[in-house]
Amino acid sequence: MNIKKVVLILLICLILLACLTGCSGPEKTITSVDDLKEAKIGVMTGTTGELLAYAKYPDAQIESFDDIMDGIAALKAGQIDGVITAYTTALNTVKHNADLHILGGVLEYDYNSIAVRKGDDELLAQLNEIITKLQNDGTLADIDKRWIKADLSPYEKVEIKLPTEGDVLKVGVTATREPFSFVDDNQQITGHDAELAQRIAVELDRPIEFVDMKFSALIPALQSGKIDLIISGVSVTDERRKSVNFTVSYYKNAEVAIVRNTENVAGISFFEDIKDSFYSNIILENRYLIILDGLKTTVIISILAVVFGTLLGGLICFMRMSKNKLLSGIARVYISILRGVPVLVLLMLTFYVAFASVDISPVLVAVIAFGLNFAAYVAEMYRSGIESVDKGQTEAGIAMGFTKAKTFFYIVLPQAVRHILPVYKGEFISLLKTTSVVGYIAVQDLTKASDIIRSRTFDAFFPLIMAAVLYFVVAWLLLLGLGYIERHFDPKVRKRQVKKAA
Amino acid sequence: MIRVEHLSKKFGEHVVLKDVNAEIKKGEVIVIIGPSGTGKSVFMRCLNLLETPTTGKIYIDDVDILDKNTDVSKLRQKMGMVFQSFNLFAHLTVLENLTIGPVKLLGKSKADAEKKAIELLKMVGLAEKSRNFPDELSGGQKQRVAIARCLSMESDIILFDEPTSALDPTMVSEVLAVIRRLAKEGMTMAIVTHEMEIARNIASRVFYMDEGLIYEEGPPEQIFENPQKEKTKAFINRVRSFRYHIATPDYDLYAMNAEIEAFCEKHVLPKKVRHNVLLLLEELLAMINPANNWSEIDICLAYSEKYDSLMLTIESGGEEFNPLQESDLADDIGSIIVNSLGEKLEYERVDGKNIVSLIVKR
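Top line first, the protein sequences correspond to chains A and B. Residue numbers 477 to 978, in my numbering, belong to the letters of the first sequence in order. Residue numbers 405 to 766, in my numbering, belong to the letters of the second sequence in order.
For the record, the hints were derived by calculation from the structure and aren't laboratory data. Where hints are given, some of them may not hold.
To be verified - Here are the simulated BS3-like cross-link-like pairs (lysine-lysine), alpha carbons at most 27 angstroms apart as the crow flies:
| # | chain 1 | residue 1 | chain 2 | residue 2 |
| --- | --- | --- | --- | --- |
| 1 | A | K799 | B | K414 |
| 2 | A | K880 | B | K482 |
| 3 | A | K880 | B | K512 |
| 4 | A | K880 | B | K414 |
| 5 | A | K882 | B | K519 |
| 6 | A | K880 | B | K461 |
No experiment lies behind these values; they were computed from the predicted model shown.
Just chain B, same shape as in the assembly:
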């Protein structure tokens, strides 16, 4: 359906895409992942010529879209696009957002277009918002309307450009649910995303982009469980971490907790895990603080995409002290909590520092 050959894109001297070759077949769900700044979005925007490629060829149903005689506007009608920032038409109601295309471009009657629009809005669960204006909707609702807008044009393929990046974590799932439903119904889609979960679950093929090209592609099982190439491995196994440095005994406990919560939210960790992390930290700090005579403390939270696990590490100075073994400590409840909420508890003494690490139970 879409064939891309030797596509390259430069912005001035800066090379974003070097040599991209790809093919998307009808009914496929392609998920494009990769580190930031590797041209995922640019690649996507080249497909409907929102960006003009520097060199290379793009064929849609064997039509060369870079040919001067090709009616690009006509082709775009068959390719919907969902943007990171929604881009709903601000001066139109939700319903009008869905009818303007069919009426002005496909020549449908207003009544037909509205009937279809209401159906689509029902499908994304927003029929009751049809007379609202975009600025009255939440981010998740806006994105669902944007998806419905693409469907109203009866597109053959929908391009998703980071559809959940601008969303509050609590709203990601409602949008993902709609995308999942479309995948189930056999819609052809190309999705640029940082949501590994969606890549894992609905992709028929995953493109891993790096170094300005499609570095590795394959079914999700291969990319996630058994990546072949060096950089793919590094990306899939990468851990994302959060560090917090406690310099004085008068540190801002609430600020630290808020940052930890934000980190957990960002990685869509369940509420329970978030709660556990905070409780564990509170207990461990209560044990360590008196023992190390207020020397500085470093906290590290690390989340591994691959194993979907959260590791907590606390480094502290002072004398050798293993909080995990101090059973004679007055605060017995502390030990009980630590043992029940954490697993793989470990203690090490390195370079005059006490290092406690554990995996937060889910």
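Bound conformation, chain A alone:
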């Protein structure tokens, strides 16, 4: 593939995306809370906002998003008319988006609390005590002042000396919830709740570790013991009470609605817009570092998973083709189960069930889960590749005096590889792209990195395009590498080489 083609494809992608964001249905203007009744409202799954929207606006069309920034992006694109979310989030949103504003009037109050595992009563009691203490000595009010800025002035971060010895306190956060928990320009998790968590760690005299994962994955992680508590702007709902225990509230939040401005802000040119986006998404606060880190993680997971899966696939294929009924039965079951389970489900099962009580790096879990999945697919690929080699080849090798193993490695494998590689390449690329779901188990990969940036800038366009381009480039480079190997095994190329040498 030459450079021209690549550029052309990228251009087409850009144009398509521009069309998609540009085209939208008839837009509705919301000027008061009453207008929401028959509007399209965006909410975040499992939040107070969602419950509130269903209760208060039964006639409205309610769209649930996995993350609030996706809702904001939809609002900006005109796909929905308003977003109901917490006041703190709303503040932050309008700070970054001049075309949005908060609708006057509080819809409902809700209370943020720390969630702990059911049965972990000791920690719950300790936390309640600490929160009450912090409230009484005014620390909580100070934290609020530093992080909740109605006038949109900068946050005031304070350094807290943290304990280094002792049992690590694992705090589950979703680092896309500014101002409660988010990633700052030093790639550190910070914010209102982060500070609270650190203060709690000091009170408990335990070192602290933030585990960043998708909001919907926090509660399962808590239940399975991957984390000890959740402090991430979680508001108390009856639904959540069924799964976890909540401490006393540490912050009273309000639910408000964000809508588009009635009049458009004076239009700026397309290129200016791109330039601004580039600056705020990539340069500002060294955000490209987040992207690079994520890219590194994505590549590491993909390559390790492929290596692991390739080797395991060889073993599974060997078992599958074995004459031993037990071995081939096991391999058959393995292949059909692993191919039948979505890889995201497999990933979550590995993390929250199989390794629930084991302290293991989520990156390693991702490598294992994707490797297991990859192995099932390549095992069958190997089998069909090996079976496509004529039996006579094996017989000739054996008759010549090669052992079975040597016949396989010298005669059958080189011929099978040629059949396997084209499909293998496709599976490799598919794996690379599927790794984008690792955000569910607190791994910060390329997709997660673009999510983090989006959560700060509320700009759907740039981080996503950036991620898309990077995935494409990585896939392309990997394909080039595999293509090199493929040429090595292609008899036509070998013929040319042999003839040239002659």
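With the hints as your guide, set chain B onto chain A.
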């Protein structure tokens, strides 16, 4: 060198070999013949354990190869095998096909192995193809490379499993020539084949296999000229025949001719004979057709292995009519052709049918 005792082989319930006893001595050329499905190939494949015998013993240089402690791979290095379907290693060049064994198994240096390989390729006449891949060769060339590959391993014996069956008739001779040369040089060989010519000319002993055992064995003169047992006689004297039925006057002449040519090719009859058959048939049909008012005609070509002769018989209905005696027929040239190309011309009238038979001259 090889001794086989009470060998039997079953595939499930199906008994292929019942009780085979045989001995192959150094320098012998054993040719194994017999009807299809009598276990010739299975017997051959048992010798290097590509098939595991059900019962019996096989000794190679007095080593029991069925013993668990025997290194079968090592023994196989001394026994080359040439397959019906060549089985050249498709991912390797001709040269590499000849060097992979010596380098990986005999521990030779690459340079030595290549030097030897080129010599062997020269011997089978394919040195200039050394850098080609197997799929660029004709069947005959592939089989010659396969033979050279066995020689590269410096085997003590080469087993040939129907080496010419998958070949186009025009390529059979080039492979047979190589086999003949090896026989002359004193190579020990065991050959399963349907080529009676090779059995007759190069075998030191012939095994006739039938009923799951070696039914009769002996020097080729005995087996071919004077077989002792009933089934051997039947096999040696068997005639192979080709029949064609002409049902309507609008029959497909070209299809018939093509089938006759294929039959002649299959039995490696000279081109001249093939040409004669077609010419004879054309003339005879031209005589018979008008006379029998287009009743059906049956043609039979029969080839006898033993006498190496080809007999043509034409049966036709209609009134009594002897084309061989109708000298007053307008088409005199027809009679001349028939008389000059055929011999032992005979005419009979049986069950209301005219039967003309003759032997095609060679």
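Going through the hints against the structure:
no., hint, result
1, A:K799 / B:K414, "holds, 20 angstroms"
2, A:K880 / B:K482, "holds, 17 angstroms"
3, A:K880 / B:K512, "holds, 21 angstroms"
4, A:K880 / B:K414, "holds, 23 angstroms"
5, A:K882 / B:K519, "holds, 24 angstroms"
6, A:K880 / B:K461, "holds, 23 angstroms"
Hint compliance for this structure: every hint is met.
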